[in-house]
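> Respectively, the protein sequence lines represent chains A and B.
For the first sequence, the numbering used here begins at 1 and goes up steadily by one.
For the second sequence, the numbering used here begins at 127 and goes up steadily by one.
Take the hints with a grain of salt, since some may be wrong.
Which residues of chain B face chain A? A partial, calculated answer using Cβ under 7 Å [unchecked claim]:
id	residue
1	L343
2	R475
3	T477
In case anyone wonders, no lab produced these hints; they're calculated from the structure.
Ideal placement from N, C-alpha and C gives every residue a C-beta, glycine not left out.
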Amino acid sequence: MITQGQFSFLPPLTDAQIAAQVEYALGKGWAVSLEHTDDPHPRNTYWEMHGMPMFDLRDAAGILAEINECRRTFPEHYVRVIAFDSTRGWETPRMAFIVNRPKNEPRLRLERQEAAGRTLRYTVRT
Amino acid sequence: MDRYKSGVIPYKKMGYWQPDYAPKDTDVIALFRLTPQEGVDAEEAAAAVAGESSTATWTVVWTDRLTACELYRAKAYRVDPVPNTGPGTPTEQQYFAYIAYDLDLFEPGSIANLTASIIGNVFGFKAIKALRLEDMRLPVAYLKTFQGPATGIVVERERLDKFGRPLLGATTKPKLGLSARNYGRVVYEALKGGLDFVKDDENINSQPFMHWRDRFLYCMEAVNRASAATGEVKGHYLNVTAATMEDMYERAEFAKELGSVIVMIDLVIGYTAIQSMAKWARRNDVILHLHRAGNSTYARQKNHGMSFRVICKWMRMAGVDHLHAGTVVGKLEGDPHMIKGYYDTLRERHTPMSLENGLFFDQDWASLNRVMPVASGGIHAGQMHQLIHYLGEDVVLQFGGGTIGHPMGIQAGAQANRVALEAMILARNEGRDLWNEGPQILAAAARGCAPLRAALDTWKDVTFNYQSTDTADFVPTATASA
């Protein structure tokens with residue numbers, strides 16, 4: 001199981017729990033956005049954007065509706081919620097958590113290439 | 127002019143005591159706690175410290191007159207008695223002495239040069255019984271000559287793809303004696319179980335039981351296996367501390383070649399070596415972890431040495447990304463107010479004067495990156511609410527014994543810590559009162575997680591309640607101006 005994000009070690013969040021986290025982000029003035037992918041490689045930074053960050057949507061119920069719409073559209077993708085902080089000196093995500101996973105999660109494979117001495121070159125493949 | 131007549135005159139009379147001096151925005155200011163010898167006047171002692179840490183010697187020299195000596199002389203401009211010292215208290219009379227230094231006294235971008243002046247000669251001065259460097263105000267113009275943290279909190283989190291929660295780590299134990307193959311086993315188990323980082327300890331370098339190349343190879347096998355198993359970026363702080371710069375560069379290059387996201391050094395390698403490694407880390411996209419090995423030899427006692435908050439300032443300038451800065455609740459020294467002062471110094475863009483937290487000056491950090499503090503030493507999952515309360519979320523929480531000593535094994539120990547952490551962050555964001563509800567939040571999370579339940583049972587009564595030696599001199603209501 002892929003354990004990226006803030007809450008992967010907890011049971012799947014309920015809608016009410018997701019809404020509470022969104023509420024927290026909005027309270028901090030952060031912009032919430034949704035992203036999805038079928039490639040959970042640890043270095044896959046750019047998941048597909050599900051629309052623009054919701055800079056002007058300041059209502060957790062509205063954002064939850066967007067999340068559910070995204071999950072319905074991509075039931076077999078990973079979907080993550082991101083909260084972005086544009087404050088000077090941060091300008092970076094401050095939250096990221098997974099809200100949807102494929103039923104059968106892919107296994108990542110580790111490939112080793114033997115190099116000089118006993119050195120190995122590692123590649124993680126999805 | 128009498129001032130330049132050959133012979134010995136008090137430092138006060140040589141121009142090093144200037145009570146009317148208003149520090150310039152570009153001055154470096156140092157605040158010393160001084161204990162004068164019997165019969166030595168506090169202002170004279172302060173002037174002597176100013177003199178010896180800038181231009182003076184013990185006697186008048188005519189060659190002063192070949193320079194703009196008034197500018198280059200450091201100026202002691204304020205001396206305050208330290209609260210709760212002197213007659214009627216168990217402590218002899220101490221004073222806070224404020225000393226201002228012109229910017230041109232310092233070479234740009236060199237901690238070695240700064241420290242050679244500020245802590246160079248003065249601590250052995252006969253006229254003072256004890257001396258402690260409490261704090262410094264570093265002007266923006268000077269900070270801009272330093273690289274600062276190679277990576278910083280923001281970019282570190284982006285590289286690791288980990289946001290919104292403290293990072294979790296552990297130090298491999300036993301810290302000495304494991305073979306490389308067994309050592310890597312501990313690393314793998316802890317990372318696969320849920321930690322983000324595992325760490326070499328400060329005294330693991332290249333010993334007969336485990337030479338450094340072996341350790342690096344096995345640790346990176348463990349890191350990559352764990353990354354594939356979890357889909358997360360994982361790391362192990364490979365300690366590259368060695369006898370020479372050449373050796374350290376060789377080890378750091380090998381770590382980079384193997385794909386390590388992070389390397390580690392010890393404070394004992396010295397300021398210049400730290401700055402060299404910070405530049406190496408920036409050039410090579412590697413995070414730089416600093417273990418504060420040795421600091422308590424001079425930072426712990428209140429009357430002599432230097433405060434750890436000054437080390438925090440110098441290390442942010444020198445350019446490390448991680449620095450051990452205390453846990454409050456663990457086994458090592460740490461008063462909550464003092465620790466807040468250290469954490470703020472490492473993490474904030476601007477730190478306002480806060481006497482109760484030991485910060486004597488407003489400090490603008492001039493956009494130097496933020497340093498990630500590391501909390502390590504005698505902490506466990508049952509304290510998660512207290513740790514988040516005191517330390518916030520931009521911190522690495524290191525549970526060494528609390529992971530490896532878990533009764534169900536290392537993976538279970540790591541999982542317990544991660545579940546406790548995520549449950550606590552979820553609850554905090556939901557607006558719950560961690561300080562009071564923390565134990566219930568943990569108990570609820572443990573109902574679905576046997577490893578967490580076992581961790582809470584094993585360590586439930588472990589606390590380290592000893593009196594701190596390094597505490598604030600001012601109660602929270604006190605005010606004063608610099």
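> Identify every previously stated hint that the structure contradicts and give their numbers, smallest first.
3
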